[in-house]
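Could you put together the complete structure from these sequences and hints?
There are 2 protein chains.
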Amino acid sequence: MTEEISQKLHPAEAADRLLRLTDNEAAEDVRELELDFAAETLESMDPWQASGIFKELSQQLQGKILKRMDPDDSVDLLQELTSESRRGILERLDSLTRKRLESLLEYPPDTAGGTMSPEVMSLPGDMTVGEAVGQLRKDERKLENINYVYVTDQQGNLSGVLPLRNFAFKEPELRLDEVMKEDVKTIPPELDREKVARLFDKYDFLALPVVGEKGKLLGVITVDDVMDVLRQEDTEDMLEMVGISGAREESVWTPWKVSVKHRLPWLVINLGTALLAAIVVSVFENTIAKYAVLAVFMPVIAGQGGNSGSQTVTLLIRGIALGEITDGQSSKALVKEATLGLLHGLSIGIIVGLIAFFWNGSAKIALIVGVSMVLSMIVAGISGVLIPVGLKKVGLDPALSANIWMTTITDVAGFFFLLGLASWLLM
Amino acid sequence: MTEEISQKLHPAEAADRLLRLTDNEAAEDVRELELDFAAETLESMDPWQASGIFKELSQQLQGKILKRMDPDDSVDLLQELTSESRRGILERLDSLTRKRLESLLEYPPDTAGGTMSPEVMSLPGDMTVGEAVGQLRKDERKLENINYVYVTDQQGNLSGVLPLRNFAFKEPELRLDEVMKEDVKTIPPELDREKVARLFDKYDFLALPVVGEKGKLLGVITVDDVMDVLRQEDTEDMLEMVGISGAREESVWTPWKVSVKHRLPWLVINLGTALLAAIVVSVFENTIAKYAVLAVFMPVIAGQGGNSGSQTVTLLIRGIALGEITDGQSSKALVKEATLGLLHGLSIGIIVGLIAFFWNGSAKIALIVGVSMVLSMIVAGISGVLIPVGLKKVGLDPALSANIWMTTITDVAGFFFLLGLASWLLM
Numbered sequence: 001m002t003e004e005i006s007q008k009l010h011p012a013e014a015a016d017r018l019l020r021l022t023d024n025e026a027a028e029d030v031r032e033l034e035l036d037f038a039a040e041t042l043e044s045m046d047p048w049q050a051s052g053i054f055k056e057l058s059q060q061l062q063g064k065i066l067k068r069m070d071p072d073d074s075v076d077l078l079q080e081l082t083s084e085s086r087r088g089i090l091e092r093l094d095s096l097t098r099k100r101l102e103s104l105l106e107y108p109p110d111t112a113g114g115t116m117s118p119e120v121m122s123l124p125g126d127m128t129v130g131e132a133v134g135q136l137r138k139d140e141r142k143l144e145n146i147n148y149v150y151v152t153d154q155q156g157n158l159s160g161v162l163p164l165r166n167f168a169f170k171e172p173e174l175r176l177d178e179v180m181k182e183d184v185k186t187i188p189p190e191l192d193r194e195k196v197a198r199l200f201d202k203y204d205f206l207a208l209p210v211v212g213e214k215g216k217l218l219g220v221i222t223v224d225d226v227m228d229v230l231r232q233e234d235t236e237d238m239l240e241m242v243g244i245s246g247a248r249e250e251s252v253w254t255p256w257k258v259s260v261k262h263r264l265p266w267l268v269i270n271l272g273t274a275l276l277a278a279i280v281v282s283v284f285e286n287t288i289a290k291y292a293v294l295a296v297f298m299p300v301i302a303g304q305g306g307n308s309g310s311q312t313v314t315l316l317i318r319g320i321a322l323g324e325i326t327d328g329q330s331s332k333a334l335v336k337e338a339t340l341g342l343l344h345g346l347s348i349g350i351i352v353g354l355i356a357f358f359w360n361g362s363a364k365i366a367l368i369v370g371v372s373m374v375l376s377m378i379v380a381g382i383s384g385v386l387i388p389v390g391l392k393k394v395g396l397d398p399a400l401s402a403n404i405w406m407t408t409i410t411d412v413a414g415f416f417f418l419l420g421l422a423s424w425l426l427m
Numbered sequence: 001m002t003e004e005i006s007q008k009l010h011p012a013e014a015a016d017r018l019l020r021l022t023d024n025e026a027a028e029d030v031r032e033l034e035l036d037f038a039a040e041t042l043e044s045m046d047p048w049q050a051s052g053i054f055k056e057l058s059q060q061l062q063g064k065i066l067k068r069m070d071p072d073d074s075v076d077l078l079q080e081l082t083s084e085s086r087r088g089i090l091e092r093l094d095s096l097t098r099k100r101l102e103s104l105l106e107y108p109p110d111t112a113g114g115t116m117s118p119e120v121m122s123l124p125g126d127m128t129v130g131e132a133v134g135q136l137r138k139d140e141r142k143l144e145n146i147n148y149v150y151v152t153d154q155q156g157n158l159s160g161v162l163p164l165r166n167f168a169f170k171e172p173e174l175r176l177d178e179v180m181k182e183d184v185k186t187i188p189p190e191l192d193r194e195k196v197a198r199l200f201d202k203y204d205f206l207a208l209p210v211v212g213e214k215g216k217l218l219g220v221i222t223v224d225d226v227m228d229v230l231r232q233e234d235t236e237d238m239l240e241m242v243g244i245s246g247a248r249e250e251s252v253w254t255p256w257k258v259s260v261k262h263r264l265p266w267l268v269i270n271l272g273t274a275l276l277a278a279i280v281v282s283v284f285e286n287t288i289a290k291y292a293v294l295a296v297f298m299p300v301i302a303g304q305g306g307n308s309g310s311q312t313v314t315l316l317i318r319g320i321a322l323g324e325i326t327d328g329q330s331s332k333a334l335v336k337e338a339t340l341g342l343l344h345g346l347s348i349g350i351i352v353g354l355i356a357f358f359w360n361g362s363a364k365i366a367l368i369v370g371v372s373m374v375l376s377m378i379v380a381g382i383s384g385v386l387i388p389v390g391l392k393k394v395g396l397d398p399a400l401s402a403n404i405w406m407t408t409i410t411d412v413a414g415f416f417f418l419l420g421l422a423s424w425l426l427m
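Chain order of the listed sequences is A and B.
For the first sequence, our numbering begins at 1 and goes up steadily by one.
For the second sequence, our numbering begins at 1 and goes up steadily by one.
It is worth saying that the hints were derived from the structure and are not from the lab.
Among the clues, some could well be false.
To give an idea of the chain B side of the interface with chain A (calculated C-beta under 8 Å), a few residues [stated by the list, open to error]:
| # | residue |
| --- | --- |
| 1 | L230 |
| 2 | Q232 |
| 3 | M238 |
| 4 | L239 |
| 5 | W256 |
| 6 | V260 |
| 7 | K261 |
| 8 | P265 |
| 9 | V296 |
| 10 | G303 |
| 11 | L340 |
Now the in silico label distances, taken between C-beta atoms and shown as ranges [unchecked claim]:
| # | chain 1 | residue 1 | chain 2 | residue 2 | range |
| --- | --- | --- | --- | --- | --- |
| 12 | B | L9 | A | L346 | 38 to 48 Å |
| 13 | B | W256 | A | N157 | 50 to 60 Å |
| 14 | B | S331 | A | E28 | 41 to 51 Å |
| 15 | B | G215 | A | G390 | 31 to 41 Å |
| 16 | B | G134 | A | R100 | 52 to 62 Å |
| 17 | A | N145 | B | M127 | 50 to 60 Å |
| 18 | A | K138 | B | L396 | 50 to 60 Å |
| 19 | B | Q60 | A | D110 | 43 to 53 Å |
| 20 | B | W256 | A | G88 | 38 to 48 Å |
| 21 | A | K181 | B | G134 | 21 to 31 Å |
Idealized CB from N, CA, C, for every residue including glycine.
Printed below as a string of structure tokens:
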């Protein structure tokens, strides 16, 4: 065991240090840790990071650590393994732990059910405040992570909530169902976890109960889980926008062999789309041969279209993620962004037209460059709205390689306007 | 008052509805609301949104609402106003509220001091648990938002912390300094608010006390503030990357007049940089006139360089924001991304070379296209690391228009390799 990683550290710090090592080295250190501390350390990592180290441990140690981890974290970790090794590990667990994990594994990882912890503190409504305090006191260590007590009826259905901080201020002889808050905000297990996160952000919750169809209390989602979700979803959006798939597993420190798998496929797809732009240019090869100055302005037109399109695409993707845009409103965004494209296009088009005139001395070339700039930027504004909205409509992530599609459209349109106008007016 | 906005709503929902109206219409509705509800509704908005509506209210109403808002939110709102109207409003407040707000206004808004609430529940260490419960009970409404009681000595210096949820489990006759946790994690008021947010994310805090140089308890930052910070910082990074300044105030629904101000300046800067690429192309105008097929491959080379560069830039910016990259490690990232550039360049370069060969029939053109693709993508990898790291080193936000700079470099380099090689080998 390296000197650096010891029980004296906070598990989050131990996790940081382990992540600087190879999975193999880290596993060696994990073997030396106390089981509880090892479990907490793995909990502090993102699941794909923890699973890399976890795979290197013996099945016996895997079982011991899994049992000690929060069930929501152990399920996230199990989701990262092959179904075969997952089955192997589950089979070796005691039946209670196994059943609990198996029931959680049924929820897709991106839903409230896949994010919740089933370890929820629930007490019957006919218990008194004093009895509840007595019962809770028995396991004070557990209380560290609990802020709410949920009150359930005999069928396990949720009937109310009581913040733990309020217990000190209630008369001990009152029944829980007399002091609880009955109007509880709940979430269904199938709700998308990003929507769950936005709910927390909007209403400033610390925890929300997950409740099944018939009102059965299934688990709880806490604000610390939500912060992880927000970070992961934002990272995913940023990386997907530029064509990095498997975004949840990609960081600066991802081994290059893995990075190639995440990035090269999109570059190949982009090559296909870039060839579309190339075909457009090739149609006008004769025009270029005669007026090579057009090639000089090709990167200017394409670059400006691409950049203003990126602005629109990025705003739309963020707006969709934050729930600012609902389905009916995309036409309003379309009008705004097309208008901005026109305004930006006119401003930049006039400047570029003037530059082209002084560069080349031809009023016709200046006009061609200026007009194609205006048209390109309108197309950029429109496609900047339609690409993310369209991706969402067909059920894909709006961020998915949005910039790559957008650049293709602005390149194709820009070259078509520039070279098409030139062929028409000059040839 | 429109039917839709009423006290029956959650303030966050009332805020949502108001934000769909113009500032003027929204202000009209706000005038009809109860003062406490109006204050909570404005608190639920981002400061720049709230300030737009706030400006439309009478100075008298402004004062009444400000007094009822959480001091950290009212300060954020005041920061958005001109210093003149800020002074006008402050002068009309009672001296206690004014002094409190003025002391908070001294902290820059992006720091822990500018984010904290000064309304912190602090009690003396020699008070007993029972006395504390009695005192806290007096203001049960306030308790809604409080999770920790901070224990201070006679000088107001922080000596320990006690979670409110633990009060029910402590003997009433014990003194607070006997049951408190002495080892409290604190943050200094000057700490960057993004770093504060990452601390919460890493260690799963619900609240952290802000403590001055001599140990004086200044305020508290809670997890709900932190979620706002995370959302705003991520939005800012995403938008700045594509050259949208004033990112905190830009959304899909920003009026177009404001949007032009946020976006056009970067498009003009980009025009300047795009002209660099144009100059490179113009140097080789004769070569293009003779081999117009080169213009066909210009967008392919530039597009691939730009896209792979965007991948690297985005990863680096996110890595820096999440604290994954510290100063000494950027050379490691540089080696990795340059290597990936080489690998991606070879893969794509071979494909593009073959396409060029079948397109044009010339082995020389194929070689030129393939080699310049490899070189461009290596440059993309290197500049994708150096741009964000460089921006950070000179004290700018690493995200600041990073993609615009990167595209310029990859365009210039790509055209230089393609056309330079062609001139050398073909002319």
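Hints versus structure:
1. L230: Holds, about 6 Å.
2. Q232: violated (11 Å)
3. M238: Hint holds; B/M238 Cβ to chain A Cβ min 6 Å, cut 8 Å.
4. L239: holds (6 Å)
5. W256: holds (6 Å)
6. V260: Holds - the Cβ of B/V260 comes within 8 Å of chain A, reaching about 6 Å at its closest.
7. K261: For B/K261, the interface hint is violated, since the closest Cβ of chain A sits about 11 Å away, which is over 8 Å.
8. P265: violated (11 Å)
9. V296: This hint holds: B/V296 lies near chain A, its Cβ roughly 5 Å from the closest one there, short of 8 Å.
10. G303: holds (4 Å)
11. L340: Since the shortest Cβ distance to chain A is 6 Å, the answer is holds.
12. B/L9 to A/L346: 38 to 48 Å: At 43 Å between Cβs, range holds.
13. B/W256 to A/N157: 50 to 60 Å: holds (51 Å)
14. B/S331 to A/E28: 41 to 51 Å: With a Cβ separation near 27 Å, B/S331 and A/E28 fall outside 41 to 51 Å, so the hint is violated.
15. B/G215 to A/G390: 31 to 41 Å: Roughly 57 Å apart at Cβ, these two residues miss the hinted range, so it is violated.
16. B/G134 to A/R100: 52 to 62 Å: Given range 52 to 62 Å: violated, Cβ gap about 42 Å.
17. A/N145 to B/M127: 50 to 60 Å: Violated, since A/N145 and B/M127 (Cβ atoms, about 27 Å apart) do not stay within the stated range.
18. A/K138 to B/L396: 50 to 60 Å: holds (55 Å)
19. B/Q60 to A/D110: 43 to 53 Å: holds (50 Å)
20. B/W256 to A/G88: 38 to 48 Å: violated (59 Å)
21. A/K181 to B/G134: 21 to 31 Å: Holds, since A/K181 and B/G134 (Cβ atoms, about 23 Å apart) stay within the stated range.
The structure does not agree with the numbered hints 2, 7, 8, 14, 15, 16, 17, 20 stated previously, though it agrees with the rest.
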